[in-house]
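*Asks:* Below, each chain spelled out in residue letters.
Protein chains: 6
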Amino acid sequence: MDLVTFGEAMVRLTPPSFQRLEQARSLDVYVGGGELNVAVGAARLGLETRWISRLPENPLGRLVAGRAREQGVDVSHVRWTPGDRVGIYFAELGAAPRATSVLYDRDGSAISRIQPGDVDWGRAFAGARWFHTSGITPALGESAATVTAEALAGAKAAGLTVSYDLNYRAKLWTPARARQIQEPLMRHVDVLITTEEDTRVVFGIDGTGTDDRFTTVDAASYASVARALRERFGFKAVAITLRENPRVWLNTWSAIVCADGQVHTAPRYEVEIVDRIGAGDAFSAGVVYGALRLDGWARTVEFATALSALKHTVPGDLSMATREDVERLLKGASLRVTR
Amino acid sequence: MDLVTFGEAMVRLTPPSFQRLEQARSLDVYVGGGELNVAVGAARLGLETRWISRLPENPLGRLVAGRAREQGVDVSHVRWTPGDRVGIYFAELGAAPRATSVLYDRDGSAISRIQPGDVDWGRAFAGARWFHTSGITPALGESAATVTAEALAGAKAAGLTVSYDLNYRAKLWTPARARQIQEPLMRHVDVLITTEEDTRVVFGIDGTGTDDRFTTVDAASYASVARALRERFGFKAVAITLRENPRVWLNTWSAIVCADGQVHTAPRYEVEIVDRIGAGDAFSAGVVYGALRLDGWARTVEFATALSALKHTVPGDLSMATREDVERLLKGASLRVTR
Amino acid sequence: MDLVTFGEAMVRLTPPSFQRLEQARSLDVYVGGGELNVAVGAARLGLETRWISRLPENPLGRLVAGRAREQGVDVSHVRWTPGDRVGIYFAELGAAPRATSVLYDRDGSAISRIQPGDVDWGRAFAGARWFHTSGITPALGESAATVTAEALAGAKAAGLTVSYDLNYRAKLWTPARARQIQEPLMRHVDVLITTEEDTRVVFGIDGTGTDDRFTTVDAASYASVARALRERFGFKAVAITLRENPRVWLNTWSAIVCADGQVHTAPRYEVEIVDRIGAGDAFSAGVVYGALRLDGWARTVEFATALSALKHTVPGDLSMATREDVERLLKGASLRVTR
Amino acid sequence: MDLVTFGEAMVRLTPPSFQRLEQARSLDVYVGGGELNVAVGAARLGLETRWISRLPENPLGRLVAGRAREQGVDVSHVRWTPGDRVGIYFAELGAAPRATSVLYDRDGSAISRIQPGDVDWGRAFAGARWFHTSGITPALGESAATVTAEALAGAKAAGLTVSYDLNYRAKLWTPARARQIQEPLMRHVDVLITTEEDTRVVFGIDGTGTDDRFTTVDAASYASVARALRERFGFKAVAITLRENPRVWLNTWSAIVCADGQVHTAPRYEVEIVDRIGAGDAFSAGVVYGALRLDGWARTVEFATALSALKHTVPGDLSMATREDVERLLKGASLRVTR
Amino acid sequence: MDLVTFGEAMVRLTPPSFQRLEQARSLDVYVGGGELNVAVGAARLGLETRWISRLPENPLGRLVAGRAREQGVDVSHVRWTPGDRVGIYFAELGAAPRATSVLYDRDGSAISRIQPGDVDWGRAFAGARWFHTSGITPALGESAATVTAEALAGAKAAGLTVSYDLNYRAKLWTPARARQIQEPLMRHVDVLITTEEDTRVVFGIDGTGTDDRFTTVDAASYASVARALRERFGFKAVAITLRENPRVWLNTWSAIVCADGQVHTAPRYEVEIVDRIGAGDAFSAGVVYGALRLDGWARTVEFATALSALKHTVPGDLSMATREDVERLLKGASLRVTR
Amino acid sequence: MDLVTFGEAMVRLTPPSFQRLEQARSLDVYVGGGELNVAVGAARLGLETRWISRLPENPLGRLVAGRAREQGVDVSHVRWTPGDRVGIYFAELGAAPRATSVLYDRDGSAISRIQPGDVDWGRAFAGARWFHTSGITPALGESAATVTAEALAGAKAAGLTVSYDLNYRAKLWTPARARQIQEPLMRHVDVLITTEEDTRVVFGIDGTGTDDRFTTVDAASYASVARALRERFGFKAVAITLRENPRVWLNTWSAIVCADGQVHTAPRYEVEIVDRIGAGDAFSAGVVYGALRLDGWARTVEFATALSALKHTVPGDLSMATREDVERLLKGASLRVTR
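Here the protein sequences line up with chains A, B, C, D, E and F, keeping their order.
1 is the number of the first residue of the first sequence in our numbering; add one for each residue after it.
340 is the number of the first residue of the second sequence in our numbering; add one for each residue after it.
679 is the number of the first residue of the third sequence in our numbering; add one for each residue after it.
1018 is the number of the first residue of the fourth sequence in our numbering; add one for each residue after it.
1357 is the number of the first residue of the fifth sequence in our numbering; add one for each residue after it.
1696 is the number of the first residue of the sixth sequence in our numbering; add one for each residue after it.
Quick caveat, the hints were computed from the structure, so don't treat them as lab data.
Note that the structure is a prediction, hence the values are computed from the model and not measured.
From the three backbone atoms N, C-alpha and C, an ideal C-beta is built for every residue, glycine too.
Worth double-checking, as some hints may not be accurate.
Straight line, CA to CA, 30 Å or less: simulated DSBU-like cross-link-like pairs of lysine-lysine [to be verified]:
| hint | chain 1 | residue 1 | chain 2 | residue 2 |
| --- | --- | --- | --- | --- |
| 1 | F | Lys1931 | A | Lys331 |
| 2 | D | Lys1188 | F | Lys1931 |
| 3 | A | Lys236 | A | Lys331 |
| 4 | E | Lys1592 | E | Lys1512 |
| 5 | D | Lys1348 | D | Lys1253 |
| 6 | C | Lys1009 | E | Lys1527 |
| 7 | F | Lys1931 | F | Lys1851 |
| 8 | B | Lys510 | E | Lys1687 |
| 9 | C | Lys914 | C | Lys1009 |
| 10 | B | Lys575 | B | Lys670 |
| 11 | A | Lys156 | A | Lys236 |
| 12 | B | Lys670 | C | Lys914 |
| 13 | F | Lys2026 | F | Lys1931 |
| 14 | D | Lys1253 | D | Lys1173 |
| 15 | D | Lys1173 | A | Lys171 |
| 16 | C | Lys914 | C | Lys834 |
| 17 | B | Lys495 | B | Lys575 |
| 18 | E | Lys1592 | E | Lys1687 |
To give a feel for the contact side, a few chain E residues facing chain F, derived at Cβ under 10 Å [to be verified]:
| hint | residue |
| --- | --- |
| 19 | Pro1371 |
| 20 | Tyr1386 |
| 21 | Glu1404 |
| 22 | Leu1416 |
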């Protein structure tokens, strides 16, 4: 097992054709959730991955597990429960000046009621090399936060490298609580993945040179944020994704990794956006893949950025790219029709 | 205002083309709930109707209210809340030998958290003639049961005729609790609408001549059930719908009304089934319409049965028939193409 | 050219999944019209066919002509006009006890404004063997009736065999006017194609043994109708289709041809109905095909009945069967999967 | 009642996925029409609104009324007729260099045959504060023009504020006739809403600084047009929407209001276009809302422009924005995913 | 590993809504193939299953493998090839009197070019209990026939129980060749699964009492066929599925197993047919499940018949039933809505 | 007959909504192929056109022929075969940085097995004025290359003008073989249509000023390529299309024709891209149309460029523009809604 991830996956329902929810007479069905997205992204690149969660024994629980398996993710450590529900979220795809927006209906999901001891972390981590989770998981509730801590400690103890995506969700908790819960967790973390915005909100670490609406970004400013994070928490590496979104359908996308005393910057892509949800998770998948299979952080940040740039071009939360797709892009493939 | 109803409406999600939920990549969106269905059915016949409920101020809440309004139902007494959620249910349409089935995800819905005093029943009933609710509403939770009692008492006090559909839902409560909560409510009820099955389960009143799987029905047996109900609770009328379902796509459908010491039996329809959910509610709408606008129970049961037979032929929970559609059927319209 | 037909084709819009029109958020687009349907049915069997009509020079006019061409029908004699419109009809597919129904929006269509002289019948009929039109065309308006008479006379003069489908449309004219206009036309007609119902309504010729809702049919009664028609108008042949529709999704379908002093009866099919609109036209196409290519009326009525039985099983007005499909059915193909 | 509007609403049919009409095998169904769009836009903001029209008693008439009601618009003063039809329009969504285009099939619609006296304007306006109609209504035919004049005079007499959107439709009438009919109506109008193009075509009032294809706009030039209009007709306010459309999928959108001797200019939005039909009507809705509920024209033009910018991002003619959506945009919401 | 299967899976493309292929503007995408279907059916019941095949390294190859994994089937022994193609088949769903039909486009598929030695049967069978394949696999070509023989011998040698579905495909080979290739394979087979029709065609063993179109079946006659098969080839068990198909949408379905000198007959189901393709494979899955987990052939044939009856009610080749679904049906669940 | 073309047409399957093939649960069905696309483009402009190919007698063969006929193309010289298959291609529509890509499954298609003598070129060319084929046809196989040579020689002999689109397909042959086969064919060619990229790859003729990814183009450089081609092969005219594709959804599009010693350059369009496949073929159709109907190469290249710019805006391979659409664009139509 190369990678183990832990967190919630929800059924995502999206009105087709840029409809508002109120207009919808049908909804497209996807499955997504930060840590599942990372597992899928990595599995599609050839890593052996496992996703751990808690799901109800009903058609929706099976739907979620099936979609994970479809992409090659091991779900044998998912904890099944006869009660509870699968969380649902509704995503309305936007167009400038209307941002894409999300309506969560995730209260009482099976994973939010996970209890310490529900997962046998020893078995789950046996033979594994990397563990990934994100700031969404502890935000799901008190017991979920406890289990997240348990998992992080267990991963560390079992000798896994640990990555953590800060992933702040304002609809789940306050900045104050996000900080209080997560600061103690950071000591288990080797690689922090975040955005400048989340860093400022959760840890009060601020860059410079970004306007308030985050429509333009300044890589230098981000580098200073990354360095501040490393200093405070002692991370081996800090990865920050950089998005400029002057419009909803056209963004730029890049990233930096700050590690080994250096800042590695990826090229910047213009991305035409089919669905940007999950792009950050695809980036995380690329970071794990790069760290395990590629030669050094410079190559890793390039790979992860290209992978996640491609994520923007497909519907749903999941990365659909193969390693060959990423490599073709890294070699400078043109935008002509491939035939 | 002719009719006021009170209860939950949910967003209903159904996989197209007889897919199982696990197969679905899109879901058709409907809105339904017993009491809303009754209000819609009646509004489409020309009655002035109002539906009372509690909804969250979010796109799904607005979706529900909009669909009610679309069909001509007044929603000005719906109580809006900034929190809570809209209940969701997933319906898989079946084919013999697989029955249509329903997966509820309705815990914590806004209506289930309604509190005594949330609705100003005095204003809601002002000038109204009929009140209808069903056994689903008190099953939603303790406060919902209290408010249901409040509503029934209020309706009675305001001089409205009260109809009540027993509508037992095994997924919401036990027979014992259904009986305990509902028996005291029955004294406010003028017209009870039910099926033989629900009567047996909730009140322990049994007919004869029905096999265990309810594939054939015996009207005589139903009449005795109806009489037993009238005797025990003093209803003015008891209406029982009669369904034979040897198959999923082809049922027979009829009904009786026991009132004025007589049993009025409707003709029996062979119904080709597009979607049978809501057929009972369409029947209730027809009963209210008949009682308010037609001449006597014989005509009423015929009208209500025809209306609800038509309900089986359209997708979604809501009756889409007009008064003209029903009248054409009652006049013996053939099944040739109308052109 | 084997066959020339003349009449209207409309854009047909149908809500999917048995929805009522009021529910529809999308409509399926078909093209249909009695005489075009006949032309298509025949062209697909290998006859050279031409359809004559009048269409506006706009996307809908091109849509109609394109669909005709797609099926191999010659449209080079269609008269194009910069003004006017394409008629539209909305068809709601039913389920018992709700019949399939049709809402016409065809007033002012280009064909309804056709004028004598608009079509050069001499050129249109040059080298052709058969002409077909129906009672819908003269019902479209006064000038259309005049042009229909012009066409029938022209066909006769040019030596073509003429078939005429009575096709009574109550929404277009009264029985009295239908009779008044059509009786004089009958002297040009060699083969009359009709149903018992239309014969009674238009010509007052009645069979026996049919119940009022036409749910069962009695072939003997139909034969007497056919004989009465032949006697009154001197037709070479009279063909009557026989439908029993106790339900909307399951009918029986057969036909008789009365010719050469004999009554030829086709086998009766149980048909599961996807879309019955156009079945009569497919039958007409089979009659023309049989008369031109097969050996005698007995074989013709069998072929035409099988062809039109197959029409019931596909969506849209047009027959999609090939000659091979019909022959396989006539040879007694089972209903097992062909593989 | 805050707002009453009067005019036609049509069934709009649009091929999905940028298909041309000729390619369509299904059509998306919307309902739209200038004055209904304004009523809906305003109702969604919380104004009490009523839409007045004439509709046939058939499924399409009910479809139109249902969609109006769904959005909270009162249709109790719609005049129903057993005959006539609902107008239809087909809209093909474009992509540069192909503009979005519209094929009307609206001749003979029920509203085009409205007669003086059909609407009881006294009752319709009782207690109302604002009346809105547009240049489309009198263009529908002579009697429609007469009734429009009747309505405008009645509104004025009843003390309502009157707004009028010039909305020139070249497919309905000539500039000369548009001027001849509308000039006399202008004396009832308090607020004129228009575009520079329509002003030039109908009233011969010209700006400067606009290229022939209207790809760039010059606000100063528009201000002079607005002033000229106020001077000629004595309007209290003139509102002009400003669109630059170098491409079909990306426009800029702004507006000015000239009132109280001042020109109030809204910020300019870059809009990614899902469907721009109805944007002008959403602007009108915003003007009415602002005039009735906000503090002054400066705030009003900002609000109306933001509301109508949002309209571009949803399919269909109707504004789907809520007041909260507009306020979030006015506060400078970023284009990041809201979650 | 409980079960290993070996064979082809194809991409299946089906026009929606009973369209003929020529009408289709979109096609529904499924994945199916006898042995994959069996593996999926068994995996969904909780058996550990593996499917072995040969697939191209392209999106369609990944699509097939992904769908197998989604349902819990292990694909780690699939042989991947950079060349070749995935077979495709087009299925048109019928309605009486038009049978469902299949157009194969499977020439040159990757599996048809499998070579001896491509699969390491030793590893593939390690720890496994049951092997299943069908008469389709050797029909794919000469090398495929050789590999099938290799697999059967290997399975036997490794001590697995072997089941074989005769599955005659007239489009792939002649009866003579089917017999010549398959007779020698039968000595490795423990459980033969077949239909009366295939038995007659391939082995010339005939029942009695079946009409030529197989619309009615006679269980006694089937039992004699089963006994004849056992005698000739020494099978431990012979299972025969019994279908009556007087219509396309409504069949009856049952089965017998002849084993231990007894004939075990399952109850007969009336099945409303959404999609019957794959029903026989679901039956095979049930036989394997029953043999491994249930108590005796009587219970096994009941279970397998119920499972495969349910298969008819879902779209696509794959069984979607769970063990709970089957058990509910075996317990005599009614066809009422489950709620 | 104005134009005869010869080549393959395939069934094209495209996942909707920018899905990757692996995600697709339905596929949109189109028909396309270079020479059919040219024939359709020309037929829609009013030219009499014929497309020659070889197709199997099955539903897919009929689907292809039907779509050709729908657009007005004569298919009476298509050679039908009971065996073989229709080629299929899967097209995934991209978004930057993911290019649109194509997966071919065309091996063994009926046309690839065409034999010399299969087409009676004398009859096919009788009365015709222009012949067009492309570099795809000889790439399909050896016999196809021979028949292409046969056709070109026949066209020349019959006095037709011959155009040839170089259309290099890397997935079908190598540059070396493309050159070896095609150089001898060039002596029959009057008008060569190509791109700079293909010219370089096939004939080793290089422009300057294009970057490696072809994101910007330099018309001067293209002119020198065109001149070099004319000199080497003696073409009457060389037409080169010029595309800049910095993004997938927004390209620029232009063309030059080098003839009569002059370089004629069309205006450059910004094109918003719905589907760019077939744009080059629409350009070829415009070249043929211009050469036959317009006055000179300058006007021709403008017309062809406008026509093909419009092709980018519709889904599918086929041009859907009419002559009026092109003329409106050439007259400088704005991008406002046409109404």
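*Asks:* Can you name, in rising order, the numbers of the hints this structure does not satisfy?
*Replies:* 1, 2, 12, 15, 21
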